[in-house]
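Peer 1: Chain by chain, the residues run as shown.
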Amino acid sequence: MIRGLLGKELRQHATTLLFLCLALLGGLFLILHNQSLKRVGGSGFELVRMLEFTYVPLSCLMLGQILVASEFRQRTQLFLEGLPLPRWWLLAVKYALGLAIMFFAIGATLVVVWTREKGSEAMTPRFAMLLALKSAGWVWFVYALCFAHAFLGRYRVPLGVLIFFALAYLSSAGVRVSSFAPFALVDDRFAFERFIIPRDALVTTAVLALALTGLGFFMGLVRDATVASLLAEKMSSRERVFVTFMVIAGVATGSYMSDHYKSATPVQMPGAIEVQTGVVHVLASAAVDAPTADETNALQSLAPRIAGELSVLAVYLDCQAFPSVFIVHRRDLEPGEFSKGDLQSSQGVLVRVNVTAKDFRESALLAWLVRETLIAQTGGFAKRERNAWVLDGASEWWPHRERALADWEKEPGTAIPANFSAADLRRWFTVRKQLGEGKASTLAASGIAVLQQQYGSDACQRFLASMFQKPRTGDYRGWWEDITHPALGALRRATGGTEQAFIETWRKTLAGSAAP
Amino acid sequence: MMRALLAKELRSLRPYAIFILGLIFIATIFSCVAKAPDEMPLVPSQWLESDRSGAFPVLMLFGLMIGAGVLMRESEEGTLQFLDGLPISRSQMFVAKVVAAISVMSVIPLVGMASDVGFGWLARVSTDGPFPWRFVAVEAALQIVASIFIVAAAMVMSFLRAWFALGVGLLFWTYLLLQQRGADWVVYFNPYEVLAPALDGDHVTPPWRHIATQLSASVVLFGVAWGGFIALGDRTQFAAQRVGRSRLLRGFGLLLKWAAPVLWILLLVRLFGDSAREEAVRERTPVGEEAFAKWESKRYESLYRKAQGKKAATLMGEADGIHDSVAAFFGSDPPPSRIVVDLASPVIPHALGVTNWTKIRFPFSTTTDLPQQRRVLRHETTHVFIEQLGGGTLSPRFRYIRFFHEGLATHVEYLAANAAEQLALKRSLAAIWSRGKVPFELLCDDEHLGRQRDPFIVYPLGEAFARAVVATGGNDAPTRLLRAFARKDAPMGLAGTALWRDTMQAAGLDYEAAVSKYAGNCASALSDEQAFVDRLPRLEGAVSSDNGRIIIRVTYQGTSPGRLACFVEDRNPFGGRITAVPQQTDGSFALPKSEYPWPKLRYLLGWYVDEAAMPVFEPWKESPL
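Going down the list, the sequences are from chains E and D.
For the first sequence, the tail end lands on 516 under the numbering used here, and the numbers increase by one without skipping.
For the second sequence, the tail end lands on 1625 under the numbering used here, and the numbers increase by one without skipping.
These are computed hints drawn from the structure, not numbers from a lab.
Among the hints, a few may not be true.
What the hints assert, rightly or not - In silico PhoX-like pairs for lysine-lysine, Cα to Cα no more than 25 Å straight-line:
1) Lys-1035/D with Lys-118/E
2) Lys-508/E with Lys-439/E
3) Lys-340/E with Lys-1600/D
4) Lys-439/E with Lys-340/E
5) Lys-118/E with Lys-1621/D
6) Lys-470/E with Lys-383/E
7) Lys-1621/D with Lys-1593/D
8) Lys-1008/D with Lys-234/E
9) Lys-1298/D with Lys-118/E
10) Lys-1310/D with Lys-1298/D
11) Lys-410/E with Lys-433/E
12) Lys-1035/D with Lys-383/E
13) Lys-1294/D with Lys-1306/D
14) Lys-433/E with Lys-383/E
15) Lys-1437/D with Lys-470/E
16) Lys-1437/D with Lys-340/E
17) Lys-439/E with Lys-410/E
18) Lys-340/E with Lys-433/E
19) Lys-1310/D with Lys-118/E
20) Lys-410/E with Lys-508/E
21) Lys-383/E with Lys-439/E
22) Lys-340/E with Lys-358/E
23) Lys-118/E with Lys-1311/D
24) Lys-1621/D with Lys-1600/D
25) Lys-340/E with Lys-470/E
What the hints assert, rightly or not - Derived contacts from chain D toward chain E, CB cut-off under 7 Å, selection only:
26) Ala-1123
27) Phe-1131
28) Pro-1336
29) Ser-1337
30) Asp-1342
31) Pro-1346
32) His-1350
33) Asn-1356
34) Lys-1359
35) Ser-1395
36) Ala-1417
37) Met-1492
38) Thr-1497
39) Asp-1510
40) Glu-1512
Ideal placement from N, C-alpha and C gives every residue a C-beta, glycine not left out.
Only chain D is shown next, with the shape it has when bound in the complex:
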């Protein structure tokens, strides 16, 4: 009977299986049409970097679709009563449904990975190492674990019926909020994270904590779903009818039904509101009071706390001059409205100021003295001009333009700097180049650059490129270039070097000459400052775990030129890309394991030195945990 029951469940899920197979077939066809079939080798690290994000939505979509319908369909279509008439228990039915759902979901990893294996096999060459069968097996198993978890969660949520989508949305929201509140443990419940085993050469280590958490949670969720399924049907209907006969109970039931999501929202507000409120009050009054004032000049409108009045007046007294020198650099008209300068609101970590369109935020608390404040204002005002000349078209392509945005702002900032400051910038550039050349192809793709190097290098390298653009195209070259980005007939869909080549051609600039000059600028900085660079020892790190902490020990040869810095990758979507790791008394860096719940540690090691404008980091290092 159990076999017949399972066959019936599989039959009812057959459309989904066909759907999955059809989808993978279409994806395979598209892969062949877009690329040659022997051009897609199966490289585990590349698979995790790009293909994982393609596999996950399919798992999520079908997991939710199957989980949402597999239990409730019998009740909604009225076939549950028929099944109740058979000599089988509800528990048997439940087991059959779960087994059928997981079996159909398993088609995704099995067929999907088979397709990857097929392409990988076609792309093999005689010098390749052994085929990564272990990775294929581990990844397929991990996808099955994720499928089980998603199906289990969807089964529980399916009892919300019409509120299913809302429930899933609220769960997602809760997850994001918890993560934002620093509850790093929530990533153990993220089915996307479970798909990433740690790779160390040919060795593949599954993320055991994620697996244990999600399988345990699945058991609990299946238990809840089983309870709900047992209660479905007549018993629930009789109970509902009994409730319905009493006006009081009916009213209470209705209230409960409608109030549940509302209560959920209120709970979230309560949960995150209290501590957030304290934080909000703290951040709203960074200088101890809430009263604010406004200073208006010809070009700026600044907002600050009254306690900052004297400092603000000093800086803003010079602001119009700064504005006009930036405007003269671009040879363009000022923005149509005054630039707003918010001198008190907080900005993202590791930034001195942030500009959005015509609004600059640069809290005084992040700067030390008036010369630095002048430089920051000059830098941020340049961003305003860049945005204006770009006509608001730069943001959607920021990935390919970030280096130029920051580089040009740094270039204009340092035009007014003294010789010592300019030397410090040159030394930063030299040190970066000494840690590995950054070809223009890499520089103009912030996503790829960010995987290899620290997020600060775009300032000196971008400045070197901005200088190259001016040197090869003339003083008005930046303005022409930005206007070319904003031109109405610009082709869409270009990226990286293709975008830059096209835009520079449209601006009448010589792309090759600018790229050549950029490399020349960097190389000559290194050649001039070789003595400084030689004083910065290269850094190596050794990662270990101890007492729930991750410890990074830094080694180098020679004498210390300054202070060591260590950062780890910050995967929090609300974070600042990197997080500083505190240094211990013994010189090592340590952070609690709970704050970094991923199987592989990505970290940056570097020097803070007074002679350089920015910290000098080694390229990203990785270590499995």
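Extracted from the complex, chain E is given alone in its bound form:
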């Protein structure tokens, strides 16, 4: 009876099986004669790996389709069930036939490649055994997966697409898929590892293959195979579109999750000088060969001062949390050069600076750090054009907040342009371009100074706190909060008047303070 069943399968699917054989031969011929692939691959067995990634899954899918799925879809399994054999025997014959075909195909491929590549492959019995074991493990797993998959009927394709894209996304998101069984069997080392037997990967693959085989049999036997028959019914047009949509939505969600939750590990600085003042955490370190005593002393005195200044700022803004600050001393940098390390906002702010340079100015570093920490604190929104004048002003004003208005007027660039209006505060990048960055910052800082001295320290504090107090996320939530709480609105609330009125006060105050 078993022989009869085997004969029936071979007769029924002879053409497809012949096609699979020819496809294998064609593929082998093409791959083995493709010199570019051989150059890139580095070994004939690397080409076998290519076939294991392309031919094996496709063939297993096709075998699952013809041996299982089409039988249920066309309801011809009902005829087989009339035979005096238990149902599991029927499934076992199909399973064994497909698996034997795949084992034969991949075994023949290995023999053919070895025969052709004798000149460039150092074969040993152990290497041959490794290749055979790894190939057999991979083929068994893929076939068992396709066998179980074939019982899913109309949900086969969407599930297959989902699995494919999920693997592709995991791989592109940096997850080392190849380090897990069964992929570890056919990783980059497949064609080259001649000694180490991947025991763990082989055992895990065998367990997975057995589990999938069990799942396939379960699907084919449960409730007298009625579940498989129901699943095999054709999908309606609407269902097809809905399922495809769900698959793509699932893939997109997966990709978003992998992108969004990609973590950045906390920054460590071995041997750094560490100071914690309030919510402010400052670390300073010398990235130089054998730091001199001067360098160490400079950092030891700088770190507490910076931490203290930033702590005062954090208290002024009523911040409950503040970005960590990392100061890295580098001898190769110019005195006024502040090189920003590419940390995420959540990691803090890293600055590379030459703190022992002759013309190093601590106030410039503090201004730079105030600016960058405020940017990090707001998830980057402080940099937006609509907020940029506040950022420029606050970072320039803070280190000189004790300065009198008359002194601000003496700074180059504080003369307010004749037709300056509230619109210019919204078009701050243009103002920066016209005046230059330094003058624009001074102008903005003079505005903050006017706010403090004409409207009171409380008004100024309220205004700046409303801009920088709360940490923001760098996504739509932060954006929404930013555009619904604009800087000019905060200015109106702080001054109790319009922004144009503030600009007039600003203009008059500076003109007045400049008058003799």
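Given the structure of chain E, go ahead and fit chain D onto it with the hints provided.
Peer 2: Using the frame of chain E, we list chain D on its own:
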């Protein structure tokens, strides 16, 4: 009647339209969740670099889905007979279906670009130039052209019914093979390429050749699909029944049906087999004979042609010593099995040797003398150790590690080099730094680095970094670093500087100190070798087209220190990233236009000079064609 027919077709494709809209909506939501909506400016060059590869799969997916079903659905669902009963011709039905399919496909570029325009508008600042409306219009039109071509091809393939996926796969395979065989014209049929207009400042030039080719091909394909659609239904069924009545014809029909894909495969084998066979024989016998021999030492197992026996014996006699000095550098055990050295098989262009895990390929034909062979063996053996210490975890992150892989191998290679060779390497480093600093952030991302600089700079720059790691972390620092890459609890998903910072922290190394030292190494090389660098004139190129050739004229000021080199970008997936352009007698460089069928030329200009270890290239230059 035609309007009703079109409305019916649009109704039947409505689920796809909703699907497309839903997909773009989801993509828009995800964009807002991942980034702030005002953080995505519409910059044409950036759009082509990153967003194009996102738009194309959507066009391809829906083009294939709609094209595969739009004609055959009537036949499969039995509604074709009903439609035949209406006072409309099959041709009218076909036109309605094509118009409906293209209309639904047009939703992708129109809504997709509208979303990009929306984000771009939110991200605008007052100093921005005019909004790139022309680019938006051209890109949307190009996406419609690509959609038409994909739908037309899918309609023709849809007659394969159950074999549709196989047919599409074979087409894709054929395309790759043709490209690999050097048939550069096939890119005119690539719908991905048509999405890339050439940008020159604000000017946008559509790829007219691609457009003309794909629209012409679409007309032909629509013609074939129309013929097939006309023949669908009763006429085909009657013909099939007539065939079915004759046992002979039935057998012949079955044979034809099943043999078609097989014949296709055989045709491909025939097409690519003949010339490939000749090439294979040539490459299998680079020294004129096929007999091979094997040399085994304690550490290596080398394979070579018998004619190379003497040279191989000389090199391999010294090989164990080379191995042991590399092992001593790393302070690690040798690999568990012997390292295989294949001295005859070819490697990729522009490489002297290639290493995969424990197998080294370094054909004698690429080297000139024994000292160079020793250096190459030392370099490649270092790669083996790097891979072993990395525990096979480096390859998936090769993009961020390539510079260190090559740099460390170069460092170990040059530890045994003489003073003149070391000076040549230092001069290469100085020349590279003089052409523009390469900050570590750029160095550790090979994809971004490759867009700006030539692929060879990772050797001297990587060596400078490897030296910095040793100087700041001690002699065992490279080994600790590689083991840190292989640690089991390493976080996944890190890239670029985040990956390096994390790994160096795990290895107990000072990331900032190493990065600082790297910059210092490069700057001091330039300062020491400024006189040499001053002798290398900067190069400028002017690109023109003439008689089906692309001509690159190179200009420079001063005297020539060596030989000029010109390479163009090689987009062939099987190629070696760059292709050399032959120099003409008048000093210019020229290549046939057919070999570079893209709208923008990317090329490298450089000097081959004896005093430097590697050619000195300017950063990539671009010119619209």
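Peer 1: Under the constraints set out in the numbered hints, which ones does this structure not fulfil?
Peer 2: 1, 3, 5, 15, 26, 27, 32 and 36
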